[in-house]
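> Sequence:
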Amino acid sequence: MFLRTARQRFIPAPAPVPHEAVIRVRQDTLLGDGRCGLHQRATVLRIPGRGPVPTIVIGGFVPDATESVFLLREQLVHQGDVYCLNYPCAGFSTDLFLAQLDDLVEELAVLRGREPVVLSVSFGAGLALEWLRRRRLGGGSHAIRGLVLVSPVACVEDLMAGGGAKPSTLLGRAIQPYLGGDRVDEKVVERSRTIFGKMFESGAQNKDALAGIMTPAELGFLKDRVLGTIRGIDFRGACERVDALKAMHSPSSYFLPGILPLAEVPTLVLYAEKEDSVLDEGSPTRSSLLRSLLAYFPKGRCLQVRNRGGSPVQHASLIFHVANFRPLIASFYVGLRKGRFGREAA
Numbered sequence: 000m001f002l003r004t005a006r007q008r009f010i011p012a013p014a015p016v017p018h019e020a021v022i023r024v025r026q027d028t029l030l031g032d033g034r035c036g037l038h039q040r041a042t043v044l045r046i047p048g049r050g051p052v053p054t055i056v057i058g059g060f061v062p063d064a065t066e067s068v069f070l071l072r073e074q075l076v077h078q079g080d081v082y083c084l085n086y087p088c089a090g091f092s093t094d095l096f097l098a099q100l101d102d103l104v105e106e107l108a109v110l111r112g113r114e115p116v117v118l119s120v121s122f123g124a125g126l127a128l129e130w131l132r133r134r135r136l137g138g139g140s141h142a143i144r145g146l147v148l149v150s151p152v153a154c155v156e157d158l159m160a161g162g163g164a165k166p167s168t169l170l171g172r173a174i175q176p177y178l179g180g181d182r183v184d185e186k187v188v189e190r191s192r193t194i195f196g197k198m199f200e201s202g203a204q205n206k207d208a209l210a211g212i213m214t215p216a217e218l219g220f221l222k223d224r225v226l227g228t229i230r231g232i233d234f235r236g237a238c239e240r241v242d243a244l245k246a247m248h249s250p251s252s253y254f255l256p257g258i259l260p261l262a263e264v265p266t267l268v269l270y271a272e273k274e275d276s277v278l279d280e281g282s283p284t285r286s287s288l289l290r291s292l293l294a295y296f297p298k299g300r301c302l303q304v305r306n307r308g309g310s311p312v313q314h315a316s317l318i319f320h321v322a323n324f325r326p327l328i329a330s331f332y333v334g335l336r337k338g339r340f341g342r343e344a345a
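Under numbering that gives the first Met the number 0, the first residue of the sequence shown is numbered 0, with each subsequent residue one higher.
Heads up, a few of these hints could be off.
[What the hints assert, rightly or not] Result set (BS3-like, lysine-lysine): computed pairs, CA atoms no more than 27 Å apart in a straight line: (1) Lys273 to Lys222; (2) Lys165 to Lys245; (3) Lys197 to Lys273; (4) Lys222 to Lys186; (5) Lys165 to Lys197; (6) Lys273 to Lys165; (7) Lys245 to Lys197; (8) Lys222 to Lys197; (9) Lys273 to Lys245; (10) Lys186 to Lys197; (11) Lys165 to Lys186; (12) Lys245 to Lys186.
Think of the hints as simulated: they come from the structure by calculation, not from any bench.
Turn these sequences into a full structure, and let the hints guide you.
Have a look at this one:
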C-alpha cells in the first residue's frame, strides 16, 4: 500500500470519465423499437490506460464495476484503457446490456484495432457467459482477446438449491422472496439492501488487514460509493436484476450443437477458497466449469484463489483480497502478450 500510494503522488491514478459510444447500432435498435427503455441502459466509464490491451469490466450485483476494480485499476490501466459497465439503478435489461457490450467490443476491435479482454465478476460473469452463448447461437464471432471469469454466477441454482429448500447462502436468502408467488414489496427490497450492505461491511471489519491495502481515506471513499450504490437501487431496478438472473440458462444446458466451445481465446476462471457464503454447494455453473472447462474454453484454466496464512478469500473478493487476485490476473496478461495459451495462459 505504501509503494502504491507513494507512486500515485508522482503518477496519479486516472479517474473514470464518461465514454460516449461511437458504435451504438444494436442498443439504438432496442431503444428505438420500444423493447427497452433509457432507464435500463448501463453507464459506460473509461479509465485512460497506457497499454495496447483494453479491458472491459462487468461487475456483480454490487458493487459497480468501477468499485470492483478499485484496487486493480492501476494494474489494468498498465495494459490499456479500462471500460467499466455500471448497471443502472432504476432498471435492468439483459438484452440492452448485451447490446451495449456488443457495440463496445466492435468499437474497440474494429474501429480501434484493439481486441479487449472481458473481466467479469459474479453476476457479471454470468452475463458474459450468456453473451457468449447468444453469440454462438447467432453464428457470430467474438472479437475479444481474452476472458477472465471471477466467481461466476450464471443461474439462480448457483445461489440456492431447487425444491423449495431454505437457502443456505446469504445471496440465496436475498433473492428467494423474488422467486415465489408472493408479492414483492419495498420491504423485500430493503431486506436485500441490508444483506448486501452487511456482506460489504463484513469484509471491511478487518482493519489490520485493510491497513495493508488501503488508506483510511480510500476505504472511506470506497465505502461511501458502495453503500451509496446499494441504497440507490430502486424497487424496479432490484426486481429487474433478479429477473435477469432468473432468465439465464445454466451452463450445464450449453451442451447443444452450435454452442460449445463458447470461445477459443485464453480464459481464466477464478474461484475463491471460501465460496460457500454465496454459492450453493450444488452450483451447476461451478460444477460444469470444474469438470468440463476445456469443452467450454479450449484455452482455459481454472484456479482457486487462496490466502495462505490469512483470512480465507471470499466470493469475488477483488477488494479485500486484491493481493491474492493480483498476481494471477497479472500473469494472465503476461501470457496474452507472450502468446502462451491454454494451461500456460495464467
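> The structure should be examined with respect to each hint, and the outcome stated for every one.
Evaluation of the provided hints:
Note on Lys273 and Lys222: the hinted pairing holds, with a Cα-Cα distance of about 23 Å set against a maximum of 27 Å. The hinted pair formed by Lys165 and Lys245 meets the criterion: a straight-line CA distance of about 17 Å does not exceed 27 Å. With a C-alpha separation of about 17 Å, the suggested pair Lys197 and Lys273 falls inside the 27 Å cut-off, and the hint holds. Distance check on the hinted pair: Lys222 and Lys186 sit about 23 Å apart at the alpha-carbon level, within 27 Å; holds.
Note on Lys165 and Lys197: the hinted pairing holds, with a Cα-Cα distance of about 20 Å set against a maximum of 27 Å. Of the supplied pair hints, the one linking Lys273 and Lys165 holds, its CA atoms being roughly 20 Å apart against a limit of 27 Å. Of the pairs offered as hints, the one joining Lys245 and Lys197 holds, with about 23 Å between alpha carbons and a cut-off of 27 Å not exceeded. A hinted pair counts as satisfied when its Cα atoms are at most 27 Å apart, and Lys222 with Lys197 qualifies at roughly 12 Å.
At roughly 24 Å between alpha-carbon atoms, Lys273 and Lys245 fall within 27 Å of each other, so this suggested pair holds. Distance check on the hinted pair: Lys186 and Lys197 sit about 16 Å apart at the alpha-carbon level, within 27 Å; holds. A C-alpha spacing of about 19 Å is found between Lys165 and Lys186, which places the hinted pair at or below 27 Å, so the restraint holds. The suggested pairing of Lys245 with Lys186 holds, with an alpha-carbon distance near 20 Å, which does not exceed 27 Å.
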